[in-house]
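Colleague: Chains as they are written, first to last, in the numbering used here: chain A, 1 to 302; chain B, 1 to 267.
Hints were generated in silico from the structure; no laboratory data involved.
Don't take each hint at face value.
Said to hold, decoys possible - Okay, derived cross-link-like pairs now, DSS-like style, lysine-lysine, Cα gap no bigger than 27 Å in a straight line:
| id | chain 1 | residue 1 | chain 2 | residue 2 |
| --- | --- | --- | --- | --- |
| 1 | B | Lys-8 | A | Lys-216 |
| 2 | A | Lys-109 | B | Lys-96 |
| 3 | B | Lys-96 | B | Lys-162 |
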Amino acid sequence: MATLALKPQKLATAQPKKSRIVLLLLLPGLIYLGLFFITPFAALITTSLQQPVLGGGIGQYQPGLEFGNYAFVVGEYLEQIIRSFIYATVATLLALAFSYPIAYFIGVKARNYPILQGLMLTLVIAPFFISFLLRTFAWKEIFGQDSWVSNLLRDTGLMADNEFLLGTPLVVIFGLTYNFIPFMTLPLYTNLERLDTALLEAGSDLYAKPASTFWKVTFPLSIPGITSGTLLTFIPIAGDYVTASRSFLGSPNTAMLGNVIESNFLRIQDYPSAAALSVMLMAAIVVLVSIYIRRTGTEDLL
Amino acid sequence: MSRFSLGKYLLPTYTVLAFVFLMIPIAYTFVFSFNDPFKNTTGWQGFTFDNWTGVCNNIDVCLAFGNSVLIATTATTVSTILGTMLAIAVTRYEFKFRSSTNLLLFLPLATPEVVMGAGLAAQFLNAGIPKGIGTVIVAHILFTLSFVVVTVKARIATLDPKLEEAGRDLYAPPIRVFTKITLPLLLPGIMAASLLAFALSFDDYIITAFNSGTEVTFPKYVFAAAVRGIPPEANVIGSAVFFFAIALVLVFQIGGAMRAKSLAKKN
Chain A
1 MATLALKPQK LATAQPKKSR IVLLLLLPGL IYLGLFFITP FAALITTSLQ QPVLGGGIGQ
61 YQPGLEFGNY AFVVGEYLEQ IIRSFIYATV ATLLALAFSY PIAYFIGVKA RNYPILQGLM
121 LTLVIAPFFI SFLLRTFAWK EIFGQDSWVS NLLRDTGLMA DNEFLLGTPL VVIFGLTYNF
181 IPFMTLPLYT NLERLDTALL EAGSDLYAKP ASTFWKVTFP LSIPGITSGT LLTFIPIAGD
241 YVTASRSFLG SPNTAMLGNV IESNFLRIQD YPSAAALSVM LMAAIVVLVS IYIRRTGTED
301 LL
Chain B
1 MSRFSLGKYL LPTYTVLAFV FLMIPIAYTF VFSFNDPFKN TTGWQGFTFD NWTGVCNNID
61 VCLAFGNSVL IATTATTVST ILGTMLAIAV TRYEFKFRSS TNLLLFLPLA TPEVVMGAGL
121 AAQFLNAGIP KGIGTVIVAH ILFTLSFVVV TVKARIATLD PKLEEAGRDL YAPPIRVFTK
181 ITLPLLLPGI MAASLLAFAL SFDDYIITAF NSGTEVTFPK YVFAAAVRGI PPEANVIGSA
241 VFFFAIALVL VFQIGGAMRA KSLAKKN
């Protein structure tokens, strides 16, 4: 899928031409992005600085320069902000640990069996084909109060009778991990698929143990795949609010940044707070992504 | 040799178990599409085919499904056309702001849905545009566009530019080179991109929730229903979409494998 496309380009631009046609090709798309991607960011920033209309009703704001909105949301929602980044980090690492062996198996071990490879890749992306909400709901039922999983945990004494699985950080992080696993597996696969196995043989010829061949050869070579995988997983998780919502796996105690933005914007109509939180989330992600890409040296991600 | 046999069996076993794990919610949804709904809302109540034969007895879920198909079809058509044009421009042409254009095309992929949804909603709010199907389509074109661009770009990267050169050498006008050589070669990439765009649009909840007002799409229907329990008809639609998509992917894969084989024979 899209993630597959993130592999560095092989032939790329053979011999780029100069032509007027390029304007015709570019303009419609760029105008669209200008109108509906750039200006919305401007709208978010201006909205985040709005102030309430004096004597106005709910959801009535006027243009302003109320930088205090940022201080307010940080004070009010610091817990959810920190939680979002912790959950997203843990879930991303879990997805990496889960996906790496699968990606290695499909990309390296199954390399000589293209049909098997194709089938396994289909299985990896299969969860994408069932609705995101339906698969999250399935886990809600599986972890529900009267489900056999809960009963098993209670029977074995691992969980008290008055305890619930749903609404705990554990189950929310589990759900986040599950939902975004394909985003991790695919870029890892595209990277490992191109791993030169002669290098692994060289390692074992030189009497390196499999573990040290892995850490000295395979792992460093797979860092571009790990970079795009972790970014593609971390970013949507940091903004997700379905998994952690009370209707699915979460509770008020697991609310994330996305949940706060959603409730401020769509329910209590506090648009400036929702906008300020969105601007901060986006700024944090832009900073993180640029540091991360510079550190791992994978500019060709673009 | 013990470590080799360990590696030999451990990795395949793990992979198989991982696939089983990945399939759990899919299996759950499929099984519960046969649940008899007439007694209670949650839990297994008994087997029935009624949900499959009479999906539209639950008219709400069918209307929501119809809306989602309409939105996804329109959004996919527009974003596939715009995205393909952009992909060709940034890979095949030299122009002044190419690297900043590439960055602009990458940025939507790095933007969390909640930010994109809130930004568009803030803009519609400021401009006084009422939310509805139209605003949802605008939003879906936006967030699928970059996915189309990266997918088509990847396909262009694998094309041999000599084929187009050959066309030009034989005095074919640029339009003819494009329609007879470039476009047919790009077609698998464009098809894959539009499938992806359709799937993303059809399944989107977050951006839709911010920009749809009172219009209900299939994901919005499921979200609202999740508080009490999902009606089995929704599981029927989810399962049917799943099998349809899997069938499509397999057809593509087998088609690709056969094409590769026949090419190998010719050479």
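Colleague: Compare the distance between the alpha carbons of B:Lys-96 and B:Lys-162 with 27 Å, and conclude whether the hinted pair is satisfied.
Modeller: With Cα atoms ~25 Å apart, B:Lys-96 and B:Lys-162 stay inside 27 Å; holds.
Colleague: With the threshold set at 27 Å, check whether the alpha-carbon distance from A:Lys-109 to B:Lys-96 stays at or below it.
Modeller: violated (44 Å)
Colleague: Check whether the Cα positions of B:Lys-8 and A:Lys-216 lie no farther apart than 27 Å.
Modeller: holds (21 Å)
Hint 2 alone, counting from the list given before, is not met by this structure.
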